[in-house]
Amino acid sequence: MSASDPTVIFEPLRFRALEVKNRVFRSSLAGRFNNYDGTGNQAHVNWDLKFARGGVGAIISSNAPVHPRGLIVPNYAHIDRDETVPFWREVVRRVHEHDCKYLVQLAFSGRQRDLGGIQFEKGWSSTDKPEPVHGLRCERMTVDQIHDLVGCFAQGARRAREAGADGVEVHGCNGYLITSFLSPAINTRKDEYGGSLENRARFALEIVRAIRAEVGADYHLQFKISAVDYGRDLIPWAAKGTMLDESIQVCRWLEEAGVDAFHISSGSSFPHPRNPAGGFPVKDVVRGYDTMISSGRHTFRNYLLFRFWPFNRVFKWAWERTAKGRVEGINLADCRAIKQAVSVPVLCTGGFQTASVVAAAIARGDCDGVTIARPLIANPNLVELWRAGHDVPPRPCTYSNKCLINQLENPLGCYDQSRFDSREAMIAEILSVYEPPQFT
Amino acid sequence: MSTTVVFEPLRLGNLTVKNRVLRSSVGGRFDNYDGSGTEVRINWDLKFARGGVGAIISSNAPIHERGHIVPGYAYLDSDDKIPFWRELGKRIHEHDCKYIVQLVYAGRERILPGLRYESALGATSDREPINGFPCRSMTVAEIGDVVSRFAQSSRRVREAGLDGIELAGANGMLFTQFLSPAINTRKDAYGGSLENRARFALEVVRAIRHEIGDDFCLGFKISVDEAPRELLPWLRRGSTVEDVVRVCRWLEEAGVDYLHVSAGTGFPHPRNPAGRFPAREVVKTYDTVLSSGTYTLRNYLIFRTWPFSAVFRWWWERPSRRLGIEGINLAGSRAVKEGVSIPVLCTGGFQTASKIAAAIERGDCDGVTIARPLVANPDLVRLFEQGHDAPPRPCTYCNKCVFNFIENPLGCYEEARFDTTEEMVEQILSVFAAPAYVATTEAAEVS
Numbered sequence: 001m002s003a004s005d006p007t008v009i010f011e012p013l014r015f016r017a018l019e020v021k022n023r024v025f026r027s028s029l030a031g032r033f034n035n036y037d038g039t040g041n042q043a044h045v046n047w048d049l050k051f052a053r054g055g056v057g058a059i060i061s062s063n064a065p066v067h068p069r070g071l072i073v074p075n076y077a078h079i080d081r082d083e084t085v086p087f088w089r090e091v092v093r094r095v096h097e098h099d100c101k102y103l104v105q106l107a108f109s110g111r112q113r114d115l116g117g118i119q120f121e122k123g124w125s126s127t128d129k130p131e132p133v134h135g136l137r138c139e140r141m142t143v144d145q146i147h148d149l150v151g152c153f154a155q156g157a158r159r160a161r162e163a164g165a166d167g168v169e170v171h172g173c174n175g176y177l178i179t180s181f182l183s184p185a186i187n188t189r190k191d192e193y194g195g196s197l198e199n200r201a202r203f204a205l206e207i208v209r210a211i212r213a214e215v216g217a218d219y220h221l222q223f224k225i226s227a228v229d230y231g232r233d234l235i236p237w238a239a240k241g242t243m244l245d246e247s248i249q250v251c252r253w254l255e256e257a258g259v260d261a262f263h264i265s266s267g268s269s270f271p272h273p274r275n276p277a278g279g280f281p282v283k284d285v286v287r288g289y290d291t292m293i294s295s296g297r298h299t300f301r302n303y304l305l306f307r308f309w310p311f312n313r314v315f316k317w318a319w320e321r322t323a324k325g326r327v328e329g330i331n332l333a334d335c336r337a338i339k340q341a342v343s344v345p346v347l348c349t350g351g352f353q354t355a356s357v358v359a360a361a362i363a364r365g366d367c368d369g370v371t372i373a374r375p376l377i378a379n380p381n382l383v384e385l386w387r388a389g390h391d392v393p394p395r396p397c398t399y400s401n402k403c404l405i406n407q408l409e410n411p412l413g414c415y416d417q418s419r420f421d422s423r424e425a426m427i428a429e430i431l432s433v434y435e436p437p438q439f440t
Numbered sequence: 001m002s003t004t005v006v007f008e009p010l011r012l013g014n015l016t017v018k019n020r021v022l023r024s025s026v027g028g029r030f031d032n033y034d035g036s037g038t039e040v041r042i043n044w045d046l047k048f049a050r051g052g053v054g055a056i057i058s059s060n061a062p063i064h065e066r067g068h069i070v071p072g073y074a075y076l077d078s079d080d081k082i083p084f085w086r087e088l089g090k091r092i093h094e095h096d097c098k099y100i101v102q103l104v105y106a107g108r109e110r111i112l113p114g115l116r117y118e119s120a121l122g123a124t125s126d127r128e129p130i131n132g133f134p135c136r137s138m139t140v141a142e143i144g145d146v147v148s149r150f151a152q153s154s155r156r157v158r159e160a161g162l163d164g165i166e167l168a169g170a171n172g173m174l175f176t177q178f179l180s181p182a183i184n185t186r187k188d189a190y191g192g193s194l195e196n197r198a199r200f201a202l203e204v205v206r207a208i209r210h211e212i213g214d215d216f217c218l219g220f221k222i223s224v225d226e227a228p229r230e231l232l233p234w235l236r237r238g239s240t241v242e243d244v245v246r247v248c249r250w251l252e253e254a255g256v257d258y259l260h261v262s263a264g265t266g267f268p269h270p271r272n273p274a275g276r277f278p279a280r281e282v283v284k285t286y287d288t289v290l291s292s293g294t295y296t297l298r299n300y301l302i303f304r305t306w307p308f309s310a311v312f313r314w315w316w317e318r319p320s321r322r323l324g325i326e327g328i329n330l331a332g333s334r335a336v337k338e339g340v341s342i343p344v345l346c347t348g349g350f351q352t353a354s355k356i357a358a359a360i361e362r363g364d365c366d367g368v369t370i371a372r373p374l375v376a377n378p379d380l381v382r383l384f385e386q387g388h389d390a391p392p393r394p395c396t397y398c399n400k401c402v403f404n405f406i407e408n409p410l411g412c413y414e415e416a417r418f419d420t421t422e423e424m425v426e427q428i429l430s431v432f433a434a435p436a437y438v439a440t441t442e443a444a445e446v447s
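In the order they appear, the protein sequences are chains A and B.
Quick note on numbering: the first sequence equals residues 1 to 440 in this note's numbering.
Quick note on numbering: the second sequence equals residues 1 to 447 in this note's numbering.
Chain A on its own, in the form it takes in the complex (with noise of 0.2 Å):
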């Protein structure tokens, strides 16, 4: 088989206890599309319908809080109670009809809360310092809360079983809270959660084991992760954080614990300049970057510095500069790495819209199948449009990153004129999200 030879792409793929048609999944990814308090709405479903119906083998759900205090924005679904479980029984019974699966992310957000909400006042992390970009406040968790928070990721996943979903997927990576303890940047405790890597890898495996103990061995666990902190690419004297070799070891232990597959992005924040690489769309980061200037110290001073000339020039360069000319494929040599270390398959994301080169990695080994956010956004039928024979969609996604940053304050979609007839038929676009409405 040629290297170029797309077939692979449609070939399924088979985990422990879970078989997928292919070998796209739609990463995690949603905007504000529910209620505040994390109730779940007709929006949601349909956006995850977009996806099902465009032909991936299956859907990583948006980020789902297990607990209130571990929301990044307000009107995300959450899955921190049993009440929430017939709104996922909704979704995965719809996303069903389309022959795709569907995976829960179970999450929490830690000190990178960019909206915190009105019940919590800070978030839970490894540390009590901030977050350094935004200046989001955060607490140390206390020995106490981290068992009850391991319970949580436990309960979620049991919920996720309940409503039928083929799997959940641990949230752990892009500097949300387990980054916040694996990576030595960042957890500065000196008790049995910090310190040595065994150290900083407890509360991971600790939630693996009891997700494990909840559901039993047949149901699928997947655990995202960032390959490497990359600490230095926007703060040039920033720590350099978790380097790959650490997070080899970690996946190991976290197969030996009972992971069935591995999802691997970079960063230990987020956004971060590899993730999602791409653009700063400086324009589009002033109206909707303000919303957040409540939520940390950093936030006006970077809301002034976003606003205004030379400042934005500068730090765009600085945020382009990293993955100028990579972005597609960002993370596959890490990826690799990882690949050689463990048994299960490990997925990749990372900017993938070229059949070919998904292929091409596929067949290198780098990967066993590839996870999309952005590039779906612009193309939902990307699978569709594969299956037909085109190696990039015709209107590929430009990975101007707009979409990232509207969904703050806007409905997700792709919101790259450019790759439209008119602004009328971009935002159309968008608004579909709402059809059919709840009420008809």
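Rather than coming from a laboratory, the hints here were simulated on the basis of the structure.
Any given hint could turn out to be false.
[What the hints assert, rightly or not] Pairs of lysine to any residue, SDA-like flavour, derived with a Cα cap of 20 Å:
#1 A/K283 x B/E426
#2 A/K122 x B/G191
#3 A/K324 x A/P281
#4 A/K283 x B/S291
#5 A/K190 x A/R202
#6 A/K122 x A/T142
#7 A/K190 x A/D144
#8 A/K190 x A/E139
#9 B/K90 x A/T440
#10 B/K18 x B/E8
#11 A/K122 x B/T420
#12 A/K50 x A/R93
#13 A/K122 x B/M424
#14 A/K129 x A/D191
#15 A/K283 x B/P113
#16 A/K283 x B/L112
#17 A/K122 x B/R280
#18 A/K283 x A/F311
#19 A/K283 x B/E118
#20 A/K283 x B/P134
#21 A/K122 x B/T285
#22 B/K187 x B/E118
#23 A/K122 x B/E423
#24 A/K324 x A/F308
#25 A/K122 x B/E426
#26 A/K21 x A/L385
#27 A/K283 x B/S193
#28 A/K240 x A/T127
#29 A/K283 x B/L115
#30 A/K50 x A/K122
#31 A/K283 x B/E422
#32 A/K122 x B/E422
#33 A/K283 x B/G132
#34 A/K283 x A/W309
#35 A/K283 x B/L297
Keep in mind it's a predicted model, so treat the numbers as computed, not measured.
Fit chain B to the supplied structure of chain A, relying on the hints for placement.
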């Protein structure tokens, strides 16, 4: 004094309301961004229906996307929105409560523009003066379009089985922008003389009557004390009370069934909602508005920085100190009531049964509409029925609710009214308590 008059029925045109207390238009960003409704809006309105008000005036329902104030409110701009409103009305009616839909076109009072229309359409091209929201003067054809959209939305209200329509003619919305000489500088048939400035409102009323007939309740909310210079003393003067009363008479002749008295040429305004300027809360949520106008960054710096914030607050609260809060619009209401023969409702901080009863008996108004005190005590009417003159934990007019709604669910944010912060948050989040997706027996068997 006896408060029995508060519990006497009130007739508004063809509509009979069981008592004299209506919930005024108030609601948070509970719906979808595109203006389709959600279960949460129903939960919100049910709080007040259960609490005993005679009628609910809906949250502002835009007749067109371009006319919204902020996204996240249920629109009534197309026929496919009718099923939501029908369900809402059905659920409210179960509590022997009437439902009046407030139709709005914000014009330049657009706090968050949303996606589709970068600039608003208004009576003039002058920016909204406090935040600098951009605006373009409507052409005569565009005025005609908005007039007919009001009529079409009114038809939808009736088709949805609801009980009445109220036009959002006060508080700086598009009607105010035409009515007020402080704003309207048009040189055509819609500006200049009082007749011209009232033309738009009267055309809308006539178009609605033409569309839905004479037998359906239609009200008009109007700012009697426009007070445009209360905050910015260099603005032009507003309408005199005499002129507003004259407009009210014309509205009556054109077929309006009741008038609803408020104040101000913008929203919020020092007289409406009267009370405190909660600088700390404002700093937390005004940030979202920064990209909406040309003066917002300046304002944000004022709100954020002492002593500017303290001076602004002192300036903002001056009218409330001078005029009082509860019943602040009663003098204006009385002036209208003396000039017309249809019922007059008055808004403005009401929460004391004896004051409401006295206002009605004096002939200042025929009934009251309440927003903030009902956010604080949705069961206010029940408390009145039980003999409370004022609720045990009254609204403090802190206005924290008003400023939180931009980012957070609407509710009472006055911690002083609760034993704990948790109790307050629970009260706020209770609006989500009956979610759209609940367990059914069939679903329970699947697991």
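Each hint tested on the structure:
Restraint check: the Cα-Cα separation between A/K283 and B/E426 comes to about 37 Å, which exceeds 20 Å; the hinted pair is violated. For the hint pairing A/K122 with B/G191, the CA-to-CA distance comes to about 53 Å; that exceeds 20 Å, so the pair is violated. Distance check on the hinted pair: A/K324 and A/P281 sit about 14 Å apart at the alpha-carbon level, within 20 Å; holds. With a CA separation close to 10 Å, the supplied pair A/K283 and B/S291 stays within the 20 Å bound.
For the given pair, A/K190 sits about 13 Å from A/R202 by alpha-carbon distance, which is consistent with the 20 Å threshold. With a C-alpha separation of about 14 Å, the suggested pair A/K122 and A/T142 falls inside the 20 Å cut-off, and the hint holds. Our distance criterion of 20 Å between C-alpha atoms is met by A/K190 and A/D144, whose separation comes to about 15 Å. Proposed proximity of A/K190 and A/E139 is supported: the alpha carbons are some 15 Å apart, at most 20 Å.
Taking the CA atoms of B/K90 and A/T440, the gap is near 15 Å; set against the 20 Å cutoff, the hint holds. Taking the CA atoms of B/K18 and B/E8, the gap is about 7 Å. The hint holds against a cut of 20 Å. Among the hinted pairs, A/K122 with B/T420 is consistent with the structure: their alpha-carbon atoms are about 17 Å apart, no more than 20 Å. For the hint pairing A/K50 with A/R93, the CA-to-CA distance comes to about 14 Å; that is within 20 Å, so the pair holds.
A distance of roughly 17 Å separates the Cα atoms of A/K122 and B/M424; the hinted pair therefore holds under the 20 Å criterion. Of the supplied pair hints, the one linking A/K129 and A/D191 holds, its CA atoms being roughly 16 Å apart against a limit of 20 Å. Distance hint between A/K283 and B/P113 is fulfilled; the C-alpha atoms sit about 16 Å from each other, no more than 20 Å. For the suggested pair A/K283 and B/L112, the alpha carbons sit about 17 Å apart, so the restraint of at most 20 Å is met.
About 17 Å separates the Cα atoms of A/K122 and B/R280, which keeps this hinted pair within 20 Å; it holds. At roughly 13 Å between alpha-carbon atoms, A/K283 and A/F311 fall within 20 Å of each other, so this suggested pair holds. Between the alpha carbons of A/K283 and B/E118 the distance comes to roughly 14 Å, so the proposed pair stays at or under 20 Å and holds. Distance check on the hinted pair: A/K283 and B/P134 sit about 18 Å apart at the alpha-carbon level, within 20 Å; holds.
This hinted pair checks out: A/K122 and B/T285 have alpha carbons roughly 17 Å apart, not beyond 20 Å. A hinted pair counts as satisfied when its Cα atoms are at most 20 Å apart, and B/K187 with B/E118 does not qualify at roughly 25 Å. For a cut-off of 20 Å, the pair hint linking A/K122 to B/E423 stands: about 18 Å separates their Cα positions. A threshold of 20 Å between alpha carbons decides the hint, and for A/K324 with A/F308 the separation of about 23 Å lies outside it, so the pair is violated.
Distance check on the hinted pair: A/K122 and B/E426 sit about 18 Å apart at the alpha-carbon level, within 20 Å; holds. For the suggested pair A/K21 and A/L385, the alpha carbons sit about 16 Å apart, so the restraint of at most 20 Å is met. Proximity of A/K283 to B/S193 is assessed by CA-CA distance (about 43 Å); at most 20 Å being required, the pair is judged violated. For the suggested pair A/K240 and A/T127, the alpha carbons sit about 17 Å apart, so the restraint of at most 20 Å is met.
Annotation: proposed proximity of A/K283 to B/L115 holds, straight-line Cα distance about 14 Å (limit 20 Å). A threshold of 20 Å between alpha carbons decides the hint, and for A/K50 with A/K122 the separation of about 35 Å lies outside it, so the pair is violated. For the hint linking A/K283 to B/E422, the alpha-carbon distance of about 38 Å lies beyond 20 Å, and the restraint is violated. Distance restraint check for A/K122 and B/E422: the Cα-Cα separation of roughly 14 Å lies within the 20 Å cut-off, and the hinted pair is therefore satisfied.
Pair hint A/K283 plus B/G132 holds up; C-alpha atoms about 19 Å apart against a cutoff of 20 Å. For a cut-off of 20 Å, the pair hint linking A/K283 to A/W309 stands: about 11 Å separates their Cα positions. Simply put, A/K283 and B/L297 have alpha-carbon atoms about 16 Å apart, close enough for the 20 Å limit, and the pair holds.
Violation of the numbered hints given earlier is confined to hints 1, 2, 22, 24, 27, 30, 31; the remaining hints are satisfied by the structure.
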